[in-house]
Each structure stands twice: as C-alpha cells, then as structure tokens.
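Q: Protein chains in written order, with our numbering: chain A, 16 to 309; chain B, 16 to 309; chain C, 16 to 309; chain D, 16 to 309.
Because the hints were derived from the structure by calculation, they are not lab data.
The model shown is predicted, which means the values in this text are computed figures rather than measured ones.
Cβ atoms here follow ideal geometry from the backbone N, Cα and C, with glycine treated the same way.
Take every hint as true, because none was put in to throw you off.
Distance condition first, Cα-Cα at most 27 Å in a straight line; then the derived DSS-like pairs of lysine-lysine:
| id | chain 1 | residue 1 | chain 2 | residue 2 |
| --- | --- | --- | --- | --- |
| 1 | D | K36 | D | K104 |
| 2 | A | K257 | D | K211 |
| 3 | B | K180 | A | K211 |
Over the 10 Å line for every Cβ pair with chain D, so calculated as not near, a few chain A residues:
| id | residue |
| --- | --- |
| 4 | D102 |
| 5 | A124 |
| 6 | A126 |
| 7 | E145 |
| 8 | P156 |
| 9 | R173 |
| 10 | K180 |
| 11 | K251 |
Heads up, incomplete: computed chain C residues facing chain A, CB under 7 Å, no partners named:
| id | residue |
| --- | --- |
| 12 | P274 |
| 13 | S277 |
| 14 | D281 |
| 15 | I284 |
| 16 | T285 |
| 17 | A288 |
4 protein chains.
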Amino acid sequence: MKVGFIGLGNMGTGMARNLIKAGHEVTVYNRTRSRAEELQQEGALAADTPAEASHGEVVITMLADDHAVEQIVFGAGGSEGVLSVLDSKSIHISMSTIGVALSDRLAAAHASKRTAYVAAPVFGRPAAAEAAQLAIIAAGPADALERCRPLFDAMGQRTFIVGEKPSSANLLKLIGNFMIASAIETLGEAFALGRKGGLDPALLLEVLTGTIFPAPVYKNYGGMIARQEFEPAGFKLPLGLKDVRLVMAAAESLNVPLPVASLVRDHFITALARGWEEKDWSAVSVVSAEAAGL
Amino acid sequence: MKVGFIGLGNMGTGMARNLIKAGHEVTVYNRTRSRAEELQQEGALAADTPAEASHGEVVITMLADDHAVEQIVFGAGGSEGVLSVLDSKSIHISMSTIGVALSDRLAAAHASKRTAYVAAPVFGRPAAAEAAQLAIIAAGPADALERCRPLFDAMGQRTFIVGEKPSSANLLKLIGNFMIASAIETLGEAFALGRKGGLDPALLLEVLTGTIFPAPVYKNYGGMIARQEFEPAGFKLPLGLKDVRLVMAAAESLNVPLPVASLVRDHFITALARGWEEKDWSAVSVVSAEAAGL
Amino acid sequence: MKVGFIGLGNMGTGMARNLIKAGHEVTVYNRTRSRAEELQQEGALAADTPAEASHGEVVITMLADDHAVEQIVFGAGGSEGVLSVLDSKSIHISMSTIGVALSDRLAAAHASKRTAYVAAPVFGRPAAAEAAQLAIIAAGPADALERCRPLFDAMGQRTFIVGEKPSSANLLKLIGNFMIASAIETLGEAFALGRKGGLDPALLLEVLTGTIFPAPVYKNYGGMIARQEFEPAGFKLPLGLKDVRLVMAAAESLNVPLPVASLVRDHFITALARGWEEKDWSAVSVVSAEAAGL
Amino acid sequence: MKVGFIGLGNMGTGMARNLIKAGHEVTVYNRTRSRAEELQQEGALAADTPAEASHGEVVITMLADDHAVEQIVFGAGGSEGVLSVLDSKSIHISMSTIGVALSDRLAAAHASKRTAYVAAPVFGRPAAAEAAQLAIIAAGPADALERCRPLFDAMGQRTFIVGEKPSSANLLKLIGNFMIASAIETLGEAFALGRKGGLDPALLLEVLTGTIFPAPVYKNYGGMIARQEFEPAGFKLPLGLKDVRLVMAAAESLNVPLPVASLVRDHFITALARGWEEKDWSAVSVVSAEAAGL
Numbered sequence: 016m017k018v019g020f021i022g023l024g025n026m027g028t029g030m031a032r033n034l035i036k037a038g039h040e041v042t043v044y045n046r047t048r049s050r051a052e053e054l055q056q057e058g059a060l061a062a063d064t065p066a067e068a069s070h071g072e073v074v075i076t077m078l079a080d081d082h083a084v085e086q087i088v089f090g091a092g093g094s095e096g097v098l099s100v101l102d103s104k105s106i107h108i109s110m111s112t113i114g115v116a117l118s119d120r121l122a123a124a125h126a127s128k129r130t131a132y133v134a135a136p137v138f139g140r141p142a143a144a145e146a147a148q149l150a151i152i153a154a155g156p157a158d159a160l161e162r163c164r165p166l167f168d169a170m171g172q173r174t175f176i177v178g179e180k181p182s183s184a185n186l187l188k189l190i191g192n193f194m195i196a197s198a199i200e201t202l203g204e205a206f207a208l209g210r211k212g213g214l215d216p217a218l219l220l221e222v223l224t225g226t227i228f229p230a231p232v233y234k235n236y237g238g239m240i241a242r243q244e245f246e247p248a249g250f251k252l253p254l255g256l257k258d259v260r261l262v263m264a265a266a267e268s269l270n271v272p273l274p275v276a277s278l279v280r281d282h283f284i285t286a287l288a289r290g291w292e293e294k295d296w297s298a299v300s301v302v303s304a305e306a307a308g309l
Numbered sequence: 016m017k018v019g020f021i022g023l024g025n026m027g028t029g030m031a032r033n034l035i036k037a038g039h040e041v042t043v044y045n046r047t048r049s050r051a052e053e054l055q056q057e058g059a060l061a062a063d064t065p066a067e068a069s070h071g072e073v074v075i076t077m078l079a080d081d082h083a084v085e086q087i088v089f090g091a092g093g094s095e096g097v098l099s100v101l102d103s104k105s106i107h108i109s110m111s112t113i114g115v116a117l118s119d120r121l122a123a124a125h126a127s128k129r130t131a132y133v134a135a136p137v138f139g140r141p142a143a144a145e146a147a148q149l150a151i152i153a154a155g156p157a158d159a160l161e162r163c164r165p166l167f168d169a170m171g172q173r174t175f176i177v178g179e180k181p182s183s184a185n186l187l188k189l190i191g192n193f194m195i196a197s198a199i200e201t202l203g204e205a206f207a208l209g210r211k212g213g214l215d216p217a218l219l220l221e222v223l224t225g226t227i228f229p230a231p232v233y234k235n236y237g238g239m240i241a242r243q244e245f246e247p248a249g250f251k252l253p254l255g256l257k258d259v260r261l262v263m264a265a266a267e268s269l270n271v272p273l274p275v276a277s278l279v280r281d282h283f284i285t286a287l288a289r290g291w292e293e294k295d296w297s298a299v300s301v302v303s304a305e306a307a308g309l
Numbered sequence: 016m017k018v019g020f021i022g023l024g025n026m027g028t029g030m031a032r033n034l035i036k037a038g039h040e041v042t043v044y045n046r047t048r049s050r051a052e053e054l055q056q057e058g059a060l061a062a063d064t065p066a067e068a069s070h071g072e073v074v075i076t077m078l079a080d081d082h083a084v085e086q087i088v089f090g091a092g093g094s095e096g097v098l099s100v101l102d103s104k105s106i107h108i109s110m111s112t113i114g115v116a117l118s119d120r121l122a123a124a125h126a127s128k129r130t131a132y133v134a135a136p137v138f139g140r141p142a143a144a145e146a147a148q149l150a151i152i153a154a155g156p157a158d159a160l161e162r163c164r165p166l167f168d169a170m171g172q173r174t175f176i177v178g179e180k181p182s183s184a185n186l187l188k189l190i191g192n193f194m195i196a197s198a199i200e201t202l203g204e205a206f207a208l209g210r211k212g213g214l215d216p217a218l219l220l221e222v223l224t225g226t227i228f229p230a231p232v233y234k235n236y237g238g239m240i241a242r243q244e245f246e247p248a249g250f251k252l253p254l255g256l257k258d259v260r261l262v263m264a265a266a267e268s269l270n271v272p273l274p275v276a277s278l279v280r281d282h283f284i285t286a287l288a289r290g291w292e293e294k295d296w297s298a299v300s301v302v303s304a305e306a307a308g309l
Numbered sequence: 016m017k018v019g020f021i022g023l024g025n026m027g028t029g030m031a032r033n034l035i036k037a038g039h040e041v042t043v044y045n046r047t048r049s050r051a052e053e054l055q056q057e058g059a060l061a062a063d064t065p066a067e068a069s070h071g072e073v074v075i076t077m078l079a080d081d082h083a084v085e086q087i088v089f090g091a092g093g094s095e096g097v098l099s100v101l102d103s104k105s106i107h108i109s110m111s112t113i114g115v116a117l118s119d120r121l122a123a124a125h126a127s128k129r130t131a132y133v134a135a136p137v138f139g140r141p142a143a144a145e146a147a148q149l150a151i152i153a154a155g156p157a158d159a160l161e162r163c164r165p166l167f168d169a170m171g172q173r174t175f176i177v178g179e180k181p182s183s184a185n186l187l188k189l190i191g192n193f194m195i196a197s198a199i200e201t202l203g204e205a206f207a208l209g210r211k212g213g214l215d216p217a218l219l220l221e222v223l224t225g226t227i228f229p230a231p232v233y234k235n236y237g238g239m240i241a242r243q244e245f246e247p248a249g250f251k252l253p254l255g256l257k258d259v260r261l262v263m264a265a266a267e268s269l270n271v272p273l274p275v276a277s278l279v280r281d282h283f284i285t286a287l288a289r290g291w292e293e294k295d296w297s298a299v300s301v302v303s304a305e306a307a308g309l
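Same shape as in the complex, but just chain A:
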C-alpha cells in the first residue's frame, strides 16, 4: 500500500519502519528532517511537507500532542494541511494520543470533505513499537478499518475494533492512560508507606507483582519507584499530565467526575513545581514520598 507517515518520534519511527519491512511504500515526514533520512536508507521516501506525504491511499499521523495534529491536519503558518490534499479515496489514520474533542473535530472535518478518518491510538512503549508488538485500538467506518487492517497487522500484535465513531477509540485509549496514572499514584503511596514502615522496597515489589498484580504496568513502574530511578524517562511527566488533562476534559464534557484523576493531576502539578519535567511520569511517586516526610 502507498502510505504517508507523519511524525517520527520515539513511537513513530519504529511503526514506520515496520510498515516498510512489511513491503508498503512509505513516504515519511518529520519536522526535523534527520529522522526521515534515517528511514530513507531503509527504503522510505522522504517528504518535504506534510501535504507531500498525503498523496497515498493512507496517511498516518503520530504526533506529540493535539496542537501538532491540528497544525498538520488543518495547516498552519502558510503550509498546507493534510486535509486539503487528501483524495476522497484516501484514509487518515490518527494514531497518536489525542483528545476526544479534537478527534470529533477531525471526524467532522473529514466528513465535510468526504475523506475517511480512522482513529487508532496504541498501547505500548517505544520498544513495542519497534517490535511490532503494539496493541492498536481502532474506530471508524467499517470499510476504512478493513482497508487499514494490513497496516495494523504490520505495526501491532493485536487490533481491537471499538466501533464506528472514531473518537471512541481515543476515549478508550485515554481511559487506559488514566488507569496507568492511577496505578502509578497508588504505587507511589504504597511504597511511601512501605518504606516508612520498614519494608524492603524490592521485596514489596516482588510480593505485589508476584501475587495480585502480575501486570507490566506494576512491574515497570513499581520497579522504577522501588529503585527511585526516574531517568532516563520512558514517558515524561508533562506528557503524563497532558494525558490526564485530556481524560479529564473528555470526562467533563460528559459530566463525569474522576476524583482519582483530579488527585493525580494535582500531584503531577506538584511534581512540575519541583522541576521534574525531564523525569519519567512515575516520579510523581516522589510527591507521595515527600508528603510522608521521606
């Protein structure tokens, strides 16, 4: 398939590479061109503008945040957006973690241009992206999803189809990130109590993940918290706060309070007030440790 791929960050690079490996004809675009050149050596074409990457059957966006997606899709600063050059037969797959409101706006914009829009955010860290082990959460028109299937298969180990409404996939993804953030917060409080009570953090981690919580989230973040090692960051604190903000915004528009999210948000803000923006989001646990006098 002829595919455009916009956004070669920690996640996007591995995803684009897996599309190339699977034999697709991939045109990549990245704001800083060096990353595109790296993939050029592996068989990609490099586009100079987002629009140039949008002439295939599918264009994928995998960008840092809502703002970047808006600029790329709708255009900004005189540069044409993806939307303006898309063919009526082509599909835009938005794979980054964006807000429900923006996803709804994208859906409306695509509908008015009669182009297809699929939301397909992913669970998985950069290593999973590289290894084509992502879990893909996809929603959109059934025929478009069908056509995207080979691409999903090339990038992920499993695809979940949420339904016809694209933003429902974004909502589900945000719910997942909210739950990870909550688990991190809980681990932070648990380890603060454990340490103050004289428990060996490594043993506490071993028991928790060896009995009731044998899940990667608890192992990875629990390990970082037990060792008090938050750098290098797998997922930086400000990104964590951004996602909590997005889930709270989605919830607020549906009149759903999320008190755990409110609490996590407040602790992320304290973490930023401490100057920890370069640390992994599991460093929010240090807020709990400090609140306990550690």
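With the hints as your guide, set chains B, C and D onto chain A.
A: Chains B, C and D alone, transformed into the frame defined by chain A:
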C-alpha cells in the same frame, strides 16, 4: 504436626482442610460449631473452646477482624484466651488480616510470655484457600518461620518471608488490599466514563485486561463492574472499608498520608449510606457511576 | 466622563445606572437591545454595536465569560471589536470575572495598540451592583487607575488597588470565588453531617453564623443550604464551575495544585450530571447530602 | 452555686476564674497542682483528686482529650472517677471538645447512675475564655440546662441550646471545628496561589477579609498565613488533627463522607511528618505552599 486452627470462615475452612490433607493432626475451633463438625468428618478434632485448640505445637488464628482476634487471644467473657494456655515451645500464627497496631500488641504479649508469634496473612480468595493456592506473607523469628514452613506449604503455593518483625507482614498485606481497593475505585471511575461515552463495557474490559492490565484483580473486579453484578459478594463492602481503615490507621501512625485511600474510604462510606453492606466491595464502583449521573 | 458600557446583565445594568446617576455620559451596548432601551430612558445613549460604544474616554466590559469578552474586544463574525476603534487616550476597563490568561492577552493586545487597559473585577451580587456597594479590585497603570477613580467611586463602596499588572486583579478575584466555592462545599458537608446527626439545620446555621462565621457568604449560602432552596439562583451552578475552572487554569499555569478546588470541581460536575444547571451554585451541597444517603 | 472545676488548661483557667468572680463557690482540680494554687489565691478551693472536686451541685470537666475525660470520669489507676462520687442531684457538665461516641457513653453511664449529664462545648480562644466571651453550645435535659444557666452566663457571652441529647452539642462543636479547619486549608491554598502569582499576601488578606470574609476565623488564621508566623501556637497542629479525626469518626458512624475533612486530615498528617507538632494548626497551610514549589 499437632496444629490448632481457630476460625472456620470462608477462608479458614479450606486452609484447615488442606492441613488435614497434608497429614497434620488438626484440632479446629469455630464459634458456631457446625463448621467444625464438617471438618471432624474429614479427620479433624473439634475443640469446645479456643484454649482447647491451643495445646499443639502451633495454633493458627484466621478470624473476622481485630476484635475477634483480641477476644480469642486475650480471652473475653470469662473464657480463657489462647495466650494463657500456650506452651513456651508453641507458636501462634496469626493469618487473618489484622491491623499493624494489634499485631505489635500481640508480639509484645507473646514476648512477655516467651511464646513465639508469627504473622502470616494471605492473598487469595476462598477458592484459592480451598485449592492450597494462597500466597502467604510471613514474618516472625526465623526459627519459628522455619518450623511453620510445612504448614505454609500445605496451605499456599508460595510463601514470602518479610522479616523478623511480625507486623511487617500485616503492613504488607494491608498495602496489598489498599492497592486492590484503589484498582477497584479506578475501574469504577473508568467504567463510568466509558459507559457515559458510549463504550461497550465488555469491550472496554477486554481491551484493558488484554493489553495493559492482564492481572486477576482487573479481570475479576472489572468483570463484576462491567456486568454490574455485585452479588453474591466475594468480599463484602464493610470488610473492604475495614481494611482501608486499617491501612489508614497504620499509615497515620507513621505520619503517611494516603490520599487515594481517603478517597476510597469516602466512597465506601457512601456505598454503606446507600445500604449496600451485603454487596461485593466492587459495588463501590456504583458510587462513581451515580456521581456521573448513570 | 464619556463612558461606554458593554454588557447589561444582572450586574452590568445596575453598574451602568450608577454611572448615569453620577452624571457621566454613558453609551450602553447589549446584545439583546431591550436592556439598553431601559437605560436609555434613564439618560443613557444606546449603541448598535460594541464599536459604537467605544468612542469615549473609557469603555467598560461586563460580560458573561471569556468567550464573550474575546468576541467583543477582538471582534467576531465581521463585527469590529472594541480594540480596533479605541483611541490612544482611552481606557478599557474589564470588570467581569475572566481568566488570568485572557487578561494577559488583553494587556498585550492593548500594549501593542498603545491603548490603556485596566482590570477591575468586582465582589458583590446584583443587589450590591444596584446599590453601588460593590467592592472593586483594580489593577493597571497607575495613571489610568487614577483616571478611572470617579467611575469606581460611582459603582462601588470601596476600591482596592492591586498593582500595575492588570491580571493580578483577575487572579485575586478568582481566588475569592474559589474561596466562596470552598466555603459552600464545606457548608454542604457540614449540613449533611448535621442533618444526619439530628441537628436542626436552622439552629446549626444560627450557631455557625452567630459565632465563628459571621460573614455574608456563610449567612447567604448557609441559609439556602439549611432551607434546601436553590431557586431562583443568585449565581448559577455552571457559572460557579466556570470560575472554578478559571482559577484551576490560573493555578495550573503557575504549577499550583488546589486540591480543594479539584474536589469542588468534581462535585459541580456531579451536580450538572444531575441536571441542576438552573440552580444556584450552593446546590452543589446536595451532592454531599446525597453522598450521605440523604 | 457549689461547683467543681476539673482541668485548668489554657481555656479552663479563665473559665474557672469567671465562675469565682461571679460569686460561685469553686473547687478546682488540675493534674499539675500549681495551676490550682494560682486560683486558690483568687478564692477557689483546691482539690487533691477529681472525686474531691465532685461533691458540689455541678462538676465541670474541661480536659485535653477523650482519654483524659474517660480517666477523670470513669476513674483510672486506682483513683476514683467523678461518676462514682456524684450525687443524684448533681450535674456533670462536659465542656471540652470530645467525640460524639464518648459523649453518648457518658450519657449512658450517667443515665444508669441517675445523675445528670450536660454537654456544653465552647467556641472561643483562651482570651475569650478569660474575658467571659465564649459561645457555649449546650445540650442535655431541660431542667439541668436551666440550673446550669447562671454558670454559662458567668463564662460566656451567649449560650445556644441544641436540644435534649447531650452529644448533639458535641456534634455541633465538631462541625464548627471542621469548618474552621476547612477554612484554614482553603486559605493555605489561596495564599499559595496568590504568592506564586505575585500578589502581596497582606493585600490579599485585606481584600478577602475586607469584602467577602469579614470573620475572625479568616482574619486570625489568614493573618498568620499571610505573615507565615505559626508560633507561638494558639491551637497546636496535633489538636487540630485530633478534632478532624473526631468529626470524621462521628461522620463515619452516621455513614457521612466528608471529603474536605479527608483532605485536611491528609495535609495535617504531612505537617506532622514535617515535624511541626509545636506549630499552630494554621501551619498546615505550609503543606500547600510546599506543594506549589514555594
């Protein structure tokens, strides 16, 4: 080994049975005698008083709450307590979920009588108790733990040794229950948002437990929350609140705030104000659903 | 003084009237013209557009929310904004409760046009506006504030000068509203407890406001909560939520967590999920009453 | 009247003195005798034991906490309690801030001995106690209250009668202290935001207390927070936490969640984890300041 077993509730019955199966000479005591008679048929001796069950090498308590343990161990209403009849060579293993302060009091009382005290609370539901699949969290004097080993092996699939201080095992157990309660609260908020946003609860559960949260806690409680089925209760709401209270008390005595526990506590209280004391503790999720207007 | 007054809501009408009474030459503008005509009979001129009301020495905006201020000041839908017609000698006084970020944007926009900008939000309900009893919180360039003094004197009983930076007045006003919202939340919890404990709400109110809390906020809102009367609304729930959101946004941009605000926000959201958007913001107390099973 | 007065702390000394001044025959008891001797010079008799002070028509207890009241009333360590020597015509007035559960226990104990029990906690600081300016919140049998009237008049400026059930006065008092604690917490968050936003704390205080919050609670604690002066303590942090704990216990027994109290409690715990047990309870505001990176 000659073992007394006091407390034949949902958990204790299976545990005592596994001791009998493993060939130990078990004397059981339960406040309502019928449960003891059931085990008598399987080879147990039935004691008429706690004291009568305390003449072996080891006496195990597996009781409903701190109050019951206090009464059984220290005696109450004219009835002799376990402590008063224990031999200096015998060991008391306290296996129910009790508070850190009570465990410390038990340790002090045993020390002054020169009897051995081991705390060994467990993770696992009644089915796991029946199947000898419990995880046992044990702490106490090393030699006493060594002598208890065959009993632990008969009741559980794995034993974690926390250290010499008995109450550290209780603290660890309470931290685990706090984390389960937090996971339930988070699931409750997540499903309230998902349902209000139009997500199919079964699909939401499938994605969460099929990707980032492949842990029994999420599967079991998530399933109950997705199906809105909270009866019959596996673990009743008031017991959940009791454990949250115990972890908060332990934390308070160490000057550790646990804001997630505070929030969970408040929601449990609302659940009780709704009259849900017979429901499973995962019914606390309905508080979040109602707060969202569901 | 020649004054334009834009926004004749519950607050603005009384404020504009007091300017007329004080002998100022007032040109009023309101989106729905009937309100302007009422004041015309009292001596005001009625403008057809915001721009038309902006040719005096001072133009005052007293509008519903940030969005309305943006549209009026920067123009929208082909209509000229206040900013485009302001004279370099004229002053814009923004008196409604707006966000800190918008106030900073207004300050920057005025600075680049070399027009003067003063922020002067107020404390007081419509009756106080009518009676010229408002408390005015003003910030801006000292000379502009000096020139505004007669207008402030005509509308309020007291003016507090916060400093040179206009948005500092907005921040202070938002902090005040946050504190009122917190007092309402606290009253809601207090009365829920009191009622469940059998205290007469009227007596509880009498004691609280007759001893430690002899302040209008406690008397007014406490009275509504004690009587469970939330209509007609003095200040509607969605406006309360809007202000809490604005203070949280201001706080977040300064990396300040406000856990009480987070909690209040969550309860406002539940109140909206209950469909109480027409009720007074003190109806948020019913969320606490319901959480207690009342 | 012949009155016993037990507990000559910061509050009790002034209260007992005002009874003497009003011409009552006062026998005082205090654990450390020096305080009693001081009042002896002003006309009091000094008792060697609580029982000795309990032979008049009325005995008043004004003690540090529930534990002290229990010991004094029920006896402890071989010493006779007030209850055992009370005459069937005499009245026990419990004036310190105690829990609802203990007040109910006292009521039951008195009922079974056919002695009268009145709960009459007070609002006011030591200076108000000294100046006979306390507000007294009284509940108990109507005839007993009537007989206590002259004593209340001698100690306070106003007495509120809550009803027949003594513990309802304690509940009301605890609700008041919860509301003060909440106001302090809110002030702490407000000043953290104000300071970070560049507002002068003294001005912020002036505006708040000069407009919407002209109440002593806001002036006193707001002043301490604005000046960051928390010593000498008017009311120490651990006492604040104790009262929050008592109101939460009362609320829990009625199935009432108090989320603001939970939050305040968590912040008090952090304050103690910081080692601030000698500071005024308004020092809890520093927790908010630190959380904001100040």
